[in-house]
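Asker: Here's the letter readout for the chains.
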Amino acid sequence: MRGGMSGMGAWLWQRLTALYLGAYILVLLLALVFSGGPSAGAWQGWMTHPGVLLASALFLGAWLMHAWIGLRDVVVDYVHPFGARVTVLAAVALFLLTCGIWGTYILIQAASSWA
Amino acid sequence: MRREGRPVFLNLFKIRLPVPGVASIAHRISGVLLFLAIPLFLFIFQRSLQGEAGYAEALALLRHPLVMLISLVLLWSLLHHWLAGIRYLLIDVDVGVERTAARKSAWTVLVLAPVLTVIILGVLWL
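Keeping their order, the protein sequence lines are chains A and B. If you want the working numbering, it's the 1-based position in the first sequence plus 91. If you want the working numbering, it's the 1-based position in the second sequence plus 9.
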């Protein structure tokens, strides 16, 4: 496999996305704990804030990329017949693509609350 | 694939995997579980943003017994994946590469993830 997502590039992206995902999740969990469980208004206020939306959009992209590289590593290690490997990888890619479109739609809906 | 005369010994119950190996397999399993759960996360997140009613419904869904069971597994997955991930990032920058240190940190991750899972869910559910 050649291109941007192979070898050293994938290795590095996996770590960069890990740092971002880890930091976002930590901040989110701390915010949830220290607010004592937000009310609907407070939660939706946070999540539709432009800065948070931007951070969440980055999170979505990093999440899907991290999942793709990780799943690809696992599939390549355990699924050996060529046809089966291609089929499983295609299913993973389709799954992630669908989640990406859905996630983007959720964030656009959240942003539309500004209007 | 298999060379002549080479012993094949793949009885999973007899292979004694070293602790860092157990942490590594758990990192993979938790990663796959978190991948499979992406639609669940998206669904609950989407509902939680749909007004007062949606938020209440998302919280009620999290209280459903089946979802609570799934949350238990997913929270462990997240914590293990997070902690083991940090362990790998440290090993990448040459912290804790040595065998004793690597074993100790693997044990720490394996114990800490379920302990934190129980504490967090205890606080949330009780």
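Source of the hints: derived by calculation from the structure; they are not laboratory data. A virtual CB, placed ideally from N, CA and C, is assigned to each residue, including glycine. Any given hint could be a false lead.
What the hints assert, rightly or not - Beta-carbon label-pair distances, calculated as ranges:
no., chain 1, residue 1, chain 2, residue 2, range
1, A, R176, B, G63, 35 to 45 Å
2, B, W116, A, A202, 25 to 35 Å
3, B, G131, A, H171, 37 to 47 Å
4, B, H73, A, M99, 19 to 29 Å
Said to hold, decoys possible - Derived contacts from chain A toward chain B, CB cut-off under 8 Å, selection only:
no., residue
5, Y115
6, V118
7, I197
Asker: Measuring from the C-beta of A/I197 to each C-beta in chain B, is the shortest one below 8 Å?
Answerer: holds, 5 Å
Asker: Does the Cβ distance between B/W116 and A/A202 fall inside 25 to 35 Å?
Answerer: Given range 25 to 35 Å: violated, Cβ gap about 45 Å.
Asker: So the hint says 19 to 29 Å: do the beta-carbon atoms of B/H73 and A/M99 match that?
Answerer: violated, 44 Å
Asker: Min Cβ distance, A/Y115 to chain B: is it shorter than 8 Å?
Answerer: Because about 11 Å separates A/Y115 from the closest Cβ in chain B, which is outside the 8 Å limit, the hint is violated.
Asker: Should the hint that A/R176 and B/G63 are 35 to 45 Å apart at their CB atoms be regarded as holding?
Answerer: holds, 40 Å
Asker: Quick check on A/V118 please, does its C-beta sit within 8 Å of some C-beta on chain B?
Answerer: violated, 13 Å
Asker: Falls inside 37 to 47 Å, the C-beta gap from B/G131 to A/H171?
Answerer: Hint holds: Cβ distance 43 Å, inside 37 to 47 Å.
The earlier numbered hints that this structure contradicts are 2, 4, 5 and 6.
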